[in-house]
Amino acid sequence: MTQSNGREPEAVITGSAQDAQDGGQPARKRPRPGERRVQILQTLATMLEHPRREKITTAALAARLSVSEAALYRHFASKAQMYEGLIGFIEQTVFGLINQITDKEEHGLRQAHAIVRMLLSFAEKNPGMTRVLTGEALVGEHERLQERINQVVDRIEASLRQCLKMAVTQAAFPADADIPARAALIMAAVQGQWHRYAKSGFRKSPSDHAEAHLRVLLG
1 MTQSNGREPE AVITGSAQDA QDGGQPARKR PRPGERRVQI LQTLATMLEH PRREKITTAA
61 LAARLSVSEA ALYRHFASKA QMYEGLIGFI EQTVFGLINQ ITDKEEHGLR QAHAIVRMLL
121 SFAEKNPGMT RVLTGEALVG EHERLQERIN QVVDRIEASL RQCLKMAVTQ AAFPADADIP
181 ARAALIMAAV QGQWHRYAKS GFRKSPSDHA EAHLRVLLG
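Going by UniProt numbering, 129 is the number at position 129 of the sequence shown; the sequence numbering is gapless.
No lab work stands behind these hints, which were simulated from the structure alone. There's no promise every hint is true.
To be verified - Here are the computed lysine to aspartate or glutamate pairs in the EDC-like style, where the Cα-Cα straight-line distance is at most 20 Å:
1. Lys79 with Asp154
2. Lys79 with Glu141
3. Lys79 with Glu124
4. Lys125 with Glu143
5. Lys79 with Asp176
6. Lys204 with Glu141
7. Lys165 with Asp208
8. Lys125 with Glu49
9. Lys55 with Asp154
10. Lys125 with Asp103
11. Lys199 with Glu124
12. Lys204 with Glu35
13. Lys165 with Glu147
14. Lys55 with Glu84
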């Protein structure tokens, strides 16, 4: 997970002066600009992978990173902003992959198949992110976070609608199909698999029976 926050570069302690203070031992360098933010987000995502439903605190996150809570707040103004960082990563990754699919695949129906498989695979590879996608990790957090995830889901559903509309023009999908209803049904099925995966403690793969489900949903 790579993100850049555009902050001014942080100082890096190097050179003989610091070595002398440490009795000749090499000085431990601080993370490069942006690295600490990425480390914080990666650690938060890792903590979300544990199936226990305990609320993650900044104190626990700081302890996992072996830093102070004040150090966290030098990079993020609040815990909500940390979750926004995770949602930003989800958006960037998922919609980047959707764009790749639609750029490479000309057939709308195959685009929809590939997008669904990608959404299930993304969840399987990123269990902590799955709890963000389902909103489970956002319970008790700032309400704007759930609103933003809802927007992500709405955008994915809109992408599926576009694929199905294309499929109709290509005579690969019934001309009288209710495209909004079908796209909503597909998205609900994907979300159901995400929830099933999270609720099982990440034991039940979201990709289980994916092809059979796609045959029912898309033919």
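Where does the structure disagree with the numbered hints, that is, which hint numbers, in rising order? The structure conflicts with hints 1, 3, 4, 5, 6, 7, 9, 10, 12, 13, although it agrees with all the remaining ones.
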